[in-house]
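**Q** Given next are the chains, with one letter for each unit.
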Amino acid sequence: MFHWLEQRPFFFTIGVFMVVAFAGLIEILPNFAEASRPVVGTKPYSILELAGRQVYIKDSCNACHSQLIRPFKSETDRYGMYSLSGEYAYDRPFLWGSKRTGPDLHRVGNYRTTDWHENHMWEPTSVVPGSVMPSYKHMFSNTVDVETAYAEMVAVNKVFNVPYNKPIKMKDGSTTTVKLPDSLDEAKQEILKEAKEIVKDMKNQDVKDMVEKGEIPEIVALIAYLNSLK
Amino acid sequence: MGEQSQQTAPIQYDYTVAKMFLVSTILFGIIGMGIGVFIAFELAFPELNNLFGEFGTFSRLRPIHTNGVAFGFTLSGIFATWYYVGQRVLKVSMAESKFLMTVGKLHFWLYFITILLAVVTLLSGLTTSKEYAELEWPLDILVVGFMVLWGISIFGLIGIRRERTLYISIWYYIAAFVAISMLYVFNNMELPTYFVTGMGSIMHSVSWYAGTNDALVQWWYGHNAVAFVFTTPIIAIIYYFLPKESGQAVYSYKLSLLSFWGLMFVYLWAGGHHLIYSTVPDWMQTMGSVFSVVLILPSWGSAINMLLTMKGEWNQLQSNPLIKFMVLASTFYMLSTLEGPIQAIKSVNALAHFTDWIPGHVHDGTLGWVGFMIIAGIYHMTPRVFKKEIYSKKLIEIQFWLQTTGIVLYFSSMWIAGITQGMMWRAVDEYGNLSYSFIDTVEVLHPYYTMRAIGGAFYLVGLFIWAYNIYKTFKCGRELSDKEINVNASPMAS
Numbered sequence: 000m001f002h003w004l005e006q007r008p009f010f011f012t013i014g015v016f017m018v019v020a021f022a023g024l025i026e027i028l029p030n031f032a033e034a035s036r037p038v039v040g041t042k043p044y045s046i047l048e049l050a051g052r053q054v055y056i057k058d059s060c061n062a063c064h065s066q067l068i069r070p071f072k073s074e075t076d077r078y079g080m081y082s083l084s085g086e087y088a089y090d091r092p093f094l095w096g097s098k099r100t101g102p103d104l105h106r107v108g109n110y111r112t113t114d115w116h117e118n119h120m121w122e123p124t125s126v127v128p129g130s131v132m133p134s135y136k137h138m139f140s141n142t143v144d145v146e147t148a149y150a151e152m153v154a155v156n157k158v159f160n161v162p163y164n165k166p167i168k169m170k171d172g173s174t175t176t177v178k179l180p181d182s183l184d185e186a187k188q189e190i191l192k193e194a195k196e197i198v199k200d201m202k203n204q205d206v207k208d209m210v211e212k213g214e215i216p217e218i219v220a221l222i223a224y225l226n227s228l229k
Numbered sequence: 000m001g002e003q004s005q006q007t008a009p010i011q012y013d014y015t016v017a018k019m020f021l022v023s024t025i026l027f028g029i030i031g032m033g034i035g036v037f038i039a040f041e042l043a044f045p046e047l048n049n050l051f052g053e054f055g056t057f058s059r060l061r062p063i064h065t066n067g068v069a070f071g072f073t074l075s076g077i078f079a080t081w082y083y084v085g086q087r088v089l090k091v092s093m094a095e096s097k098f099l100m101t102v103g104k105l106h107f108w109l110y111f112i113t114i115l116l117a118v119v120t121l122l123s124g125l126t127t128s129k130e131y132a133e134l135e136w137p138l139d140i141l142v143v144g145f146m147v148l149w150g151i152s153i154f155g156l157i158g159i160r161r162e163r164t165l166y167i168s169i170w171y172y173i174a175a176f177v178a179i180s181m182l183y184v185f186n187n188m189e190l191p192t193y194f195v196t197g198m199g200s201i202m203h204s205v206s207w208y209a210g211t212n213d214a215l216v217q218w219w220y221g222h223n224a225v226a227f228v229f230t231t232p233i234i235a236i237i238y239y240f241l242p243k244e245s246g247q248a249v250y251s252y253k254l255s256l257l258s259f260w261g262l263m264f265v266y267l268w269a270g271g272h273h274l275i276y277s278t279v280p281d282w283m284q285t286m287g288s289v290f291s292v293v294l295i296l297p298s299w300g301s302a303i304n305m306l307l308t309m310k311g312e313w314n315q316l317q318s319n320p321l322i323k324f325m326v327l328a329s330t331f332y333m334l335s336t337l338e339g340p341i342q343a344i345k346s347v348n349a350l351a352h353f354t355d356w357i358p359g360h361v362h363d364g365t366l367g368w369v370g371f372m373i374i375a376g377i378y379h380m381t382p383r384v385f386k387k388e389i390y391s392k393k394l395i396e397i398q399f400w401l402q403t404t405g406i407v408l409y410f411s412s413m414w415i416a417g418i419t420q421g422m423m424w425r426a427v428d429e430y431g432n433l434s435y436s437f438i439d440t441v442e443v444l445h446p447y448y449t450m451r452a453i454g455g456a457f458y459l460v461g462l463f464i465w466a467y468n469i470y471k472t473f474k475c476g477r478e479l480s481d482k483e484i485n486v487n488a489s490p491m492a493s
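Chains as they are written, first to last, in numbering that gives the first Met the number 0: chain A, 0 to 229; chain B, 0 to 493.
Incorrect hints may have been included.
Here are some, though not all, of the chain A residues that point toward chain B, as calculated from beta-carbon distances under 8 Å [stated by the list, open to error]:
hint : residue
1    : Ile27
2    : Lys98
3    : Asp144
4    : Glu211
In silico SDA-like cross-links for lysine to any residue, where the CA-CA straight-line distance does not exceed 25 Å [said to hold, decoys possible]:
hint : chain 1 : residue 1 : chain 2 : residue 2
5    : B       : Lys471    : B       : Leu459
6    : A       : Lys98     : B       : Arg477
7    : A       : Lys229    : B       : Pro280
8    : A       : Lys42     : A       : Lys170
9    : A       : Lys187    : B       : Thr285
10   : A       : Lys178    : A       : Leu228
11   : A       : Lys136    : B       : Ser123
12   : B       : Lys345    : A       : Tyr81
13   : B       : Lys482    : B       : Glu162
14   : A       : Lys157    : B       : Glu189
15   : A       : Lys187    : B       : Gly197
16   : B       : Lys482    : B       : Ala492
17   : B       : Lys253    : A       : Glu214
18   : B       : Lys345    : A       : Phe71
19   : B       : Lys393    : B       : Asp439
20   : B       : Lys323    : B       : Lys393
21   : A       : Lys157    : B       : Gly300
22   : B       : Lys323    : B       : Ser123
23   : B       : Lys90     : B       : Leu190
24   : B       : Lys471    : B       : Glu429
25   : A       : Lys98     : B       : Asp439
26   : A       : Lys229    : A       : Gly213
27   : A       : Lys72     : B       : Lys253
28   : B       : Lys253    : B       : Leu190
29   : A       : Lys157    : B       : Trp207
30   : A       : Lys98     : B       : Lys471
31   : A       : Lys136    : B       : Trp207
32   : A       : Lys72     : B       : Arg477
33   : B       : Lys345    : A       : Met80
34   : A       : Lys42     : A       : Tyr89
35   : A       : Lys157    : B       : Val184
36   : A       : Lys207    : A       : Lys170
37   : A       : Lys202    : A       : Gly213
38   : A       : Lys170    : A       : Gly79
39   : A       : Lys192    : A       : Ile56
40   : A       : Lys98     : B       : Asn432
Treat the hints as calculated values from the structure; they're not laboratory data. These figures come from a predicted structure and were not determined experimentally. For glycine and all other residues, C-beta sits at the position ideal for the given N, C-alpha and C.
Whenever a hint applies, use it, and build me the whole structure from the sequences.
**A** Written as structure tokens, this is what we have:
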């Protein structure tokens, strides 16, 4: 049979394709519905958080940081409760990472604060001597692209039914909703409002001035995102 | 072997496209690995991150390194050898078909532009974040474009072949084409947000899959990108160039059959080993482990087949530096295909995952196996496509030893670093509390990061020697007659 195949490139190629595709069919398909269900307490990202997530991606923080706490005591002691599948239901793309040059960040919002991040992102070694993390000073002057963040919100709501404007069950039994602004203008107001909340706890005067002028520095959005990781 | 020198004499092979890809292999090799060495030094000396503002940080540059070496250097090497090997084992010249010639040139230019655009977009922070699939959707379309052109080139050439039976190398090229295309398309399914909303950046997209699903598809892709960029086409290369250079017939046809179909079937299952102890279902993690271990069989099948091809001719290892490259490449292939399965065992993975042992593993495969095979293949091609004697054998020897030392420094430092870090993360004191804060586990790595960077620099210097040697061959190598070219061992001046 093999010798026959070797003289018939068409059937050979079909054969290769079938053998190669087989594993994907069996492994990937059955899991799809199951894995995408959110657990209680998981809510979609707000506009500022989403903009911050885009900053996290733009600067590939995932090259050095994981967001996946494995179910070992040594990890839960260090980072908190191990990660659950449903917590990632609104993560497009997922940001688990594959390398921990720095610590896991999946629950960093539980134990680091806005002002800590502000100092650390400006110059990591000033907070943690010996750190090999780059300093990200450019985030204090670059601004985020609000329109693209809003576009992403609208798109995932429309296409993937991400539940904006819908009641979401929280762990303590209460419900909450994450608002999807109706228009770009409203989105700009909303993101500014959220940014002002963050900037309250920051010291950098340039950043404060920018927000006062209605601009959103990358660092503000990034910190909002990091704070949301719980 | 599928050809004999007497029979091939009448066919005049046309290496125009092979030469173009030969140049891009060297170019992207130097760029991709140059950046790799730079970011390795950044981990050892973090102040380097500030050299070029936001464009010089480890995190911005790392995707350019990985894409640069995987899709720049390696794909170029694969394409360069395809446009050389394909004609020869199918016994048909590119010059016989205007159409295929045009397709080949288009293939090169579309590919070349895509890689240049990749560098520019990644540098400016346009990335999907999914490893080895970072390119944003417009570039994905270009990638599909050049893959289709490669497909036309493969099947077009096969369509007009004179040799009816497909030689082993051709199996592997076909497999690489089929699998890369399938994986790339599925993993890069993304929704460009602009088209849904009419707002924001036209370049931006979100993944079609969310969370755990996205991870599953990503590592089904990520692992098999390794398989079908770094393994199958490189096996295609060794199955051609080792027998050619040594003048030995492939040791066993049956073993090559078994290894080929075994590899095809098993590889795709193994992706789950990237997700051990993650939130994907347990049974998949175990499947990933088990199939990874089974993968040793077909991997070692190919490697042993290659080593046994040298049976009785081991003296060539001393006389011919290209044989050195290829034999050591097979050996590194065996090493990394043993190491991989070991890391896929759950208890080992618990220790090794997220540590530097993983990049260590990747690099003994990529530098030792992929890099060495492409270097040797291109060296073998050089006198044949330029009809000139290789400029310097001595330089090849120096390159070989420099790069081998570099690889050993690289992987030994990363093994130690990874295991040290993994052990420290989990170490507890007599009360059961964690012994080390995270930063302790970072600081301890400094000497290993330095050693790794130096190892990488050795390898990079080797690449410069390679480029220089080929450039000198092209510029001032001694012209060869047809008779001098149609021999086994590549002609080289001492």
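**Q** Taking the hints in turn, state whether each one holds.
**A** So, going through the hints one by one against the coordinates:
1. Ile27: holds, 6 Å
2. Lys98: Lys98 (chain A) check passes; min Cβ-Cβ to chain B is 6 Å, inside 8 Å.
3. Asp144: Holds, about 6 Å.
4. Glu211: violated, 24 Å
5. B:Lys471 with B:Leu459: The given pair, whose Cα atoms are some 18 Å apart, holds under the 25 Å limit.
6. A:Lys98 with B:Arg477: Roughly 49 Å between the alpha carbons, so the hint for Lys98 (chain A) and Arg477 (chain B) is violated.
7. A:Lys229 with B:Pro280: holds, 23 Å
8. A:Lys42 with A:Lys170: holds, 11 Å
9. A:Lys187 with B:Thr285: violated, 47 Å
10. A:Lys178 with A:Leu228: Holds, at roughly 18 Å.
11. A:Lys136 with B:Ser123: holds, 16 Å
12. B:Lys345 with A:Tyr81: Given pair Lys345 (chain B), Tyr81 (chain A) holds - Cα atoms ~17 Å apart, limit 25 Å.
13. B:Lys482 with B:Glu162: holds, 23 Å
14. A:Lys157 with B:Glu189: holds, 14 Å
15. A:Lys187 with B:Gly197: Distance ~16 Å between Lys187 (chain A) and Gly197 (chain B) Cα, so the pair holds.
16. B:Lys482 with B:Ala492: holds, 16 Å
17. B:Lys253 with A:Glu214: violated, 67 Å
18. B:Lys345 with A:Phe71: Within the cut-off at roughly 13 Å; holds.
19. B:Lys393 with B:Asp439: Between Lys393 (chain B) and Asp439 (chain B) the Cα gap is close to 45 Å, so the pair fails against 25 Å, i.e. violated.
20. B:Lys323 with B:Lys393: holds, 13 Å
21. A:Lys157 with B:Gly300: Not OK: Lys157 (chain A) and Gly300 (chain B) at ~51 Å, beyond 25 Å, violated.
22. B:Lys323 with B:Ser123: violated, 41 Å
23. B:Lys90 with B:Leu190: violated, 44 Å
24. B:Lys471 with B:Glu429: Distance of about 64 Å is beyond 25 Å: violated.
25. A:Lys98 with B:Asp439: holds, 17 Å
26. A:Lys229 with A:Gly213: violated, 28 Å
27. A:Lys72 with B:Lys253: violated, 49 Å
28. B:Lys253 with B:Leu190: Since the Cα atoms of Lys253 (chain B) and Leu190 (chain B) sit roughly 46 Å apart, the hinted pair is violated (cutoff 25 Å).
29. A:Lys157 with B:Trp207: holds, 13 Å
30. A:Lys98 with B:Lys471: violated, 41 Å
31. A:Lys136 with B:Trp207: violated, 33 Å
32. A:Lys72 with B:Arg477: violated, 67 Å
33. B:Lys345 with A:Met80: Roughly 21 Å separates the two Cα atoms, so the pair holds.
34. A:Lys42 with A:Tyr89: holds, 8 Å
35. A:Lys157 with B:Val184: holds, 23 Å
36. A:Lys207 with A:Lys170: violated, 34 Å
37. A:Lys202 with A:Gly213: Roughly 17 Å between the alpha carbons, so the hint for Lys202 (chain A) and Gly213 (chain A) holds.
38. A:Lys170 with A:Gly79: Answer holds: Lys170 (chain A) to Gly79 (chain A) is near 16 Å, not above 25 Å.
39. A:Lys192 with A:Ile56: With Cα atoms ~23 Å apart, Lys192 (chain A) and Ile56 (chain A) stay inside 25 Å; holds.
40. A:Lys98 with B:Asn432: Holds, at about 24 Å.
The structure fails hints 4, 6, 9, 17, 19, 21, 22, 23, 24, 26, 27, 28, 30, 31, 32, 36 (numbered hints given earlier, in ascending order).
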